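Colleague: The residues making up each chain are set out below.
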Amino acid sequence: NAGVMQNPRHLVRRRGQEARLRCSPMKGHSHVYWYRQLPEEGLKFMVYLQKENIIDESGMPKERFSAEFPKEGPSILRIQQVVRGDSAAYFCASSPTGTSGYNEQFFGPGTRLTVL
Amino acid sequence: LAKTTQPISMDSYEGQEVNITCSHNNIATNDYITWYQQFPSQGPRFIIQGYKTKVTNEVASLFIPADRKSSTLSLPRVSLSDTAVYYCLVGISGTYKYIFGTGTRLKVLA
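Top to bottom, those sequences are chains A and B. For the first sequence, our numbering gives the first residue as 1, with consecutive numbering after it. For the second sequence, our numbering gives the first residue as 1, with consecutive numbering after it.
Hint data in this document are derived by calculation from the structure and do not stem from the laboratory. Model, not experiment: these values are computed from the prediction. Any given hint might turn out to be false.
What the hints assert, rightly or not - Below, simulated DSS-like cross-link-like pairs (lysine-lysine); rule was C-alpha separation at most 27 Å, straight line: (1) A:K44 x B:K97; (2) A:K62 x B:K107; (3) A:K51 x B:K97; (4) B:K3 x B:K107.
Stated by the list, open to error - Computed, partial: chain B to chain A, Cβ under 7 Å: (5) Q42; (6) G43; (7) P44; (8) F46.
Built from N, CA and C at the ideal position, the CB exists for glycine as well.
Sequences are here, hints too, so could you generate the full structure?
Modeller: In structure tokens:
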């Protein structure tokens, strides 16, 4: 059973370009979470999605950031017009259910975005 | 929101038992306590989760006192490969969000 897959592992963009980060959850998981991690800091929640639905995007910046989890295919985190401050590691996690309490989230290896 | 407080860093030697304590004074009745481990350039990895008293698995034990305002992750006989950042998380009751603090950087020395 493959784990959470993320690609690319490393992404370099120039200021003003778009970044697309992909996440394939574990088989059988329909709940996906995106987190951002700056150097020497903990992970910050960005968005929680179920298939075709955004459940909570309270951690997402209001502009330039969007996320989707289509019926078919991976979840996508899109950052438009990237700026240097977007440089970070972006982690995707998945879980079989979305309930709190006993809810283990399985994390992918992350995508390291560098904005030049 | 139940914030957590952990020591920023700890050093230990191979073969020793390591105990990392986490404070979560505002934990809600239905919240669980979860610990994750993160190696450099990798995603966090689940270690253990519990609600009260004691939970043990093949890699760690989690001790939670009756008031649940703190918890202690115990790693028996650590090795060099246990050098990592350890995060204590409290699952927010009724939601799915985990709040990651800065974690505890454990360094295991030979």
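Colleague: Take the hints in turn and mark each one as holding or not.
Modeller: Structure-based check of each hint:
1. Of the pairs offered as hints, the one joining A:K44 and B:K97 holds, with about 10 Å between alpha carbons and a cut-off of 27 Å not exceeded.
2. Straight-line distance between C-alpha atoms of A:K62 and B:K107 comes to about 38 Å, which puts the hinted pair past the 27 Å bound.
3. For the suggested pair A:K51 and B:K97, the alpha carbons sit about 18 Å apart, so the restraint of at most 27 Å is met.
4. A threshold of 27 Å between alpha carbons decides the hint, and for B:K3 with B:K107 the separation of about 24 Å falls inside it, so the pair holds.
5. Hint on B:Q42 holds. Least Cβ distance to chain A is approximately 6 Å, under the 7 Å limit.
6. For the restraint placing B:G43 at the interface with chain A, the shortest Cβ-Cβ distance is roughly 3 Å, inside the 7 Å limit, so the hint holds.
7. Given hint, B:P44 at the interface with chain A, holds; its Cβ is 5 Å from that chain's nearest Cβ, closer than 7 Å.
8. Annotation: interface hint on B:F46 holds; nearest CB of chain A at approximately 5 Å, less than 7 Å.
Of the hints listed earlier, the one the structure fails to meet is number 2.
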